[in-house]
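*Asks:* Below are the chains, spelled out letter by letter.
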Amino acid sequence: MQRALSYAAMPALRVPLPFMLAAPCFALAAALLLVWHGEAALVLRWTPVTLGMTHLVVLGFLTMTIVGALFQLLPVTAGVAVPLARQVAVFCWCALALGTAVLAAALGLGLGATAFRLAAGLLGSAGFVFLSAIGAAIARPVPAGAKPLVEGVRYAAAALAITIAIGAALALYLGGVGSLNAPLLTDIHATWGLVGWVIVLTATVSFQVIPMFQGTATYPRLLETWLPPLVFALLFGWSAATLFDAAWWRLACEVGIGALLLHYAVTTVAWLRGRKGKRKPDTGTRYWLLAMGCLLLAVLLHFIPFELLFDSVDALPLLTGVLVIVGCAMSAVNGMLYKIVPFLVWYHLVHDEHLPRERIPRMSAVLGEAQAGRQWRWHLAGLALLVLACLFPAVLARPAGLFLMVSLLLLARDVAGAALLYARLRGA
Amino acid sequence: MNAIADTVRIDVSALAAPEPMERILDALAVLPPGARLQVLIHREPFPLYEILDRRGWDHRTTRRLDARYDLVIEAMACSAP
Chain D
93 MQRALSYAAM
103 PALRVPLPFM
113 LAAPCFALAA
123 ALLLVWHGEA
133 ALVLRWTPVT
143 LGMTHLVVLG
153 FLTMTIVGAL
163 FQLLPVTAGV
173 AVPLARQVAV
183 FCWCALALGT
193 AVLAAALGLG
203 LGATAFRLAA
213 GLLGSAGFVF
223 LSAIGAAIAR
233 PVPAGAKPLV
243 EGVRYAAAAL
253 AITIAIGAAL
263 ALYLGGVGSL
273 NAPLLTDIHA
283 TWGLVGWVIV
293 LTATVSFQVI
303 PMFQGTATYP
313 RLLETWLPPL
323 VFALLFGWSA
333 ATLFDAAWWR
343 LACEVGIGAL
353 LLHYAVTTVA
363 WLRGRKGKRK
373 PDTGTRYWLL
383 AMGCLLLAVL
393 LHFIPFELLF
403 DSVDALPLLT
413 GVLVIVGCAM
423 SAVNGMLYKI
433 VPFLVWYHLV
443 HDEHLPRERI
453 PRMSAVLGEA
463 QAGRQWRWHL
473 AGLALLVLAC
483 LFPAVLARPA
493 GLFLMVSLLL
503 LARDVAGAAL
513 LYARLRGA
Chain B
97 MNAIADTVRI
107 DVSALAAPEP
117 MERILDALAV
127 LPPGARLQVL
137 IHREPFPLYE
147 ILDRRGWDHR
157 TTRRLDARYD
167 LVIEAMACSA
177 P
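These protein sequence lines are chains D and B, in that order. So the first sequence is numbered by the working numbering: it starts at 93 and just counts up by one. So the second sequence is numbered by the working numbering: it starts at 97 and just counts up by one.
Hints are computed from structural coordinates only; laboratory data are not their basis. Hints are not guaranteed to be accurate.
Output of the computed footprint for chain B on chain D, the stretches with three or more beta carbons under 8 Å from beta carbons of chain B [what the hints assert, rightly or not]:
(1) 302 to 314
(2) 432 to 439
(3) 449 to 461
Subject to a maximum C-alpha distance of 25 Å in a straight line, what follows is the list of computed SDA-like cross-link-like pairs (lysine to any residue) [unchecked claim]:
(4) D/239 <-> B/125
(5) D/372 <-> B/110
(6) D/239 <-> B/118
(7) D/239 <-> B/151
(8) D/239 <-> D/358
(9) D/372 <-> B/146
(10) D/239 <-> B/122
(11) D/372 <-> B/118
(12) D/239 <-> B/173
(13) D/372 <-> B/122
(14) D/239 <-> D/287
(15) D/372 <-> B/136
(16) D/239 <-> D/361
(17) D/239 <-> B/146
(18) D/372 <-> B/159
(19) D/239 <-> B/145
(20) D/372 <-> B/145
Glycine included, each C-beta is placed from N, C-alpha and C at the ideal position.
Using the sequences and the hints, build the whole thing.
*Replies:* Here it is, written out as structure tokens:
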């Protein structure tokens, strides 16, 4: 059965848009660091600059966009408004932006204990306010059709809470507070953040937006309903097995999570290839196919005895991280921005009773296929170079950073252009 | 509703968002006075309802056996959109 989207409680454009405008800037900063540091940024995942870049992308780009999108998506798909949306959005935007900048600087530039404590405070408070508001919204009864989305958000939000708690403990440890097993907890923190928060939420959102914007059939209800709780339960098992050093249990949980993610990726590819009317794939479809290809590759690589193929065993976690963070999550979010931003601008213009109809541009004129296609080519080239740079960092790290910088500058320009068009038409 | 009103029919059921909404609003802009628009669509167009209400269009939606929807739009009896 098709889901019904309710737009009656659509929040003002100024609630989600600042998140989408800021996100490309943080990823651009990460690309700039890659150009600046070159090979040193891709040798190990533990180097300061690599950790700084990683947090700029996962917090500044991915979490920033996802948080902004949730303010929009929850009211319109589940009919549940986020309480005090405008105030919560302003606070979360400021704390997340500032906290990300401080944490990236503390990690990358070694700013010292105070910076880590400040970052923990800012990001912890952003997480607390955001999760409280989202929690209050999804605690209300929702229509049956919206249940898979709300359940998915619930599990992803719980994973975010765990990620923030461990991350704050690690930041306080780096700030000189307490003592803990940092490498072990970093692994658990990263896995909850990437799999439990970013991938589960991306999948949950994709169950709604792929049928809507790419014109596919609705996803199988079984997959929508069971993917988030099963991944969540397996992540719990994996964390316990990691903490208690139970190698076989840990492997069993990894196989389970890998199988679920493979199933999701294969289903999505099949859905996109079987689109209604067999239309020519647009840039949004290409972005989703790229994201699923990278997720498939990351899962397969995780189980390959990489040390037999290459000398450097450090390249495996780095390559898997690049495939999940940049290849899968960043590609999916990047592609969604080219659909969601022009749709929101167009919808709010149509909604404006005082704006003559002949002055309202078509959605494709707000942000069109030509702009998306141009940015896609730079993103694809940058990603391909970045993947290869994990294996040959001395030669390819800087070119990868340069290509990604161009792609992110184009994204920032396109999103800002859509916002300016809205402001111009509303102000005229 | 006028039983003898002309009916303009469009099928937007194979289109991705927001083309169905764009096509419907385009069709309403050139709809002859007294005519009604009948739309075949693959999901219930909630985003459209608020716009139709604000602009003085009456609408009703019926779910078909093939899980698509028939949407009929016509000018409200006491208002001119």
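*Asks:* Decide, hint by hint, whether the structure agrees.
*Replies:* Against the structure, the hints come out as follows:
no.	hint	verdict
1	302 to 314	holds (count 4)
2	432 to 439	holds (count 3)
3	449 to 461	holds (count 3)
4	D/239 <-> B/125	37 Å, violated
5	D/372 <-> B/110	13 Å, holds
6	D/239 <-> B/118	29 Å, violated
7	D/239 <-> B/151	32 Å, violated
8	D/239 <-> D/358	23 Å, holds
9	D/372 <-> B/146	32 Å, violated
10	D/239 <-> B/122	34 Å, violated
11	D/372 <-> B/118	20 Å, holds
12	D/239 <-> B/173	38 Å, violated
13	D/372 <-> B/122	24 Å, holds
14	D/239 <-> D/287	21 Å, holds
15	D/372 <-> B/136	23 Å, holds
16	D/239 <-> D/361	24 Å, holds
17	D/239 <-> B/146	24 Å, holds
18	D/372 <-> B/159	29 Å, violated
19	D/239 <-> B/145	23 Å, holds
20	D/372 <-> B/145	30 Å, violated
Hint check: violations occur at hints 4, 6, 7, 9, 10, 12, 18 and 20; the rest are consistent with the structure.
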